[in-house]
Structures are given as C-alpha cells and as structure tokens.
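J.: Given chain H's structure and the hints, the job is docking chain X onto it.
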Amino acid sequence: NAGVMQNPRHLVRRRGQEARLRCSPMKGHSHVYWYRQLPEEGLKFMVYLQKENIIDESGMPKERFSAEFPKEGPSILRIQQVVRGDSAAYFCASSRDSNEKLFFGSGTQLSVL
Amino acid sequence: KQEVTQIPAALSVPEGENLVLNCSFTDSAIYNLQWFRQDPGKGLTSLLLIQSSQREQTSGRLNASLDKSSGRSTLYIAASQPGDSATYLCAVRRGGNTGKLIFGQGTTLQVKP
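If you're matching them up, the sequences are chains H and X in order.
FYI, in the numbering used here the residues of the first sequence are 41 to 153.
FYI, in the numbering used here the residues of the second sequence are 53 to 165.
Careful: at least some of the hints might be erroneous.
[What the hints assert, rightly or not] In silico lysine-lysine, BS3-like type, Cα no more than 25 Å apart, as pairs:
#1 H:Lys141 with H:Lys67
#2 X:Lys53 with H:Lys141
#3 H:Lys141 with H:Lys111
#4 H:Lys67 with X:Lys120
#5 H:Lys111 with H:Lys67
#6 H:Lys67 with H:Lys102
#7 H:Lys84 with X:Lys164
#8 H:Lys84 with X:Lys94
These are calculated hints, taken from the structure and not from any lab test.
Note that the structure is a prediction, hence the values are computed from the model and not measured.
For reference, chain H alone in the conformation it holds in the complex:
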C-alpha cells in the first residue's frame, strides 16, 4: 500500500512563474490536506479537501493560491505568479475519514529564484 505520493520532490521556479504541486493520497483515502513549512517555522495548515469539494481553506492566502481535488486524479496545489516568499516545503496529507490519522507525503520543496 503506497503512502501519500507527492511530486515533484523539488521544484525550482523564477519569480512570476506558476508552480503546480501534485499529491496522490493513500489508497482508500478521500480526505486531503495541504500544509506549508517555511524555513525556521512550524507547519501551517493551508487547505482541506474531499473529492471535488473544498472543506476548509482558512489557511490559504487569498490571492495566487488555489487547490483542487478532482474526482479522478491527484490533488493539485497551484501557486500563480510565485514570489520569493513562497519558497517553502509543501506537504500533503491524507486520511480515510475526518477523525482518523493523517498520513503525510515527503513534501515538495519549492525554491523561487
């Protein structure tokens, strides 16, 4: 049973470009969460999705960031017009149900030049 798969592992973008981060949850998991870990800071919640629905996006910046979890395929975190401050490790997690353990992927390290 593969764990939570995130790709790419490392992503380098220039300022103004778009970044697309992908997350495939564990088999049987329909709840997906995105977190961000800035250098020297703790993990911060961004968004919680179930298939085709955003349940809680209270941690998402209002502009340039969006997330989706379509009926088929991985969850995508999209960052438009990236800036240097977006450089961070982005972690995806999944769970079978809302009250069960979250399992995290290995993360995508985004570097904005």
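T.: Chain X only, in chain H's frame:
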C-alpha cells in the same frame, strides 16, 4: 486562538534512557491530538493519535498521554535508540470538519550511541 508549545526544543540523551517529551495547548476544546516524527528533509510519520475522549495510546516503545483539562500531552519513549533521533511534533485538531492541525515547533531529539 489555539497555541501549541513543545518543551524542550532540543534534547540529547544516551542510548537506553527513557525520556518524556512535553506538549501543551491553550484551548482544551480539541478533537484529537497526534504525535509525529520528522526526519531531516523528509515528511512526517504519524506515531500516535489520541481522541479527545481517550487518556492514552501505546505503540511499541511509545506511549502518549492526554490530559485535556490541563491542556497537556506527553510522549514517553522507553529504552531510547539512536534510530529514535528525529524531530517530534505534536499537533491538535479542533474539529472534525476542519483539517486544521495546529502544530507545535517540535522537540529535536538526539540519542547518542
């Protein structure tokens, strides 16, 4: 506003020692609490999850306790090994309809052979 604090920030012990990591939270209205370990450059591995109605959970050499009324949780590691060296994070979840885990800053543990 929920805040999660972990003390100490770093801990170094000789192999074989039993040790306790502490986590405190300011708002006792939590849904559950989860302990993770994070190895350098990697994602989080879920260790134990305690529901708000539970007092403790055990897995192998690990035991986590929860005292909701005092806003505290401890992670007890028995007979520590060098392979236990990692950063340990605790996180509280406020409700089932939010994916928002509030993380502590972590305790970085080093177990010396």
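J.: Sort out which numbered hints this structure fails and list those numbers smallest first.
T.: 4, 6 and 7
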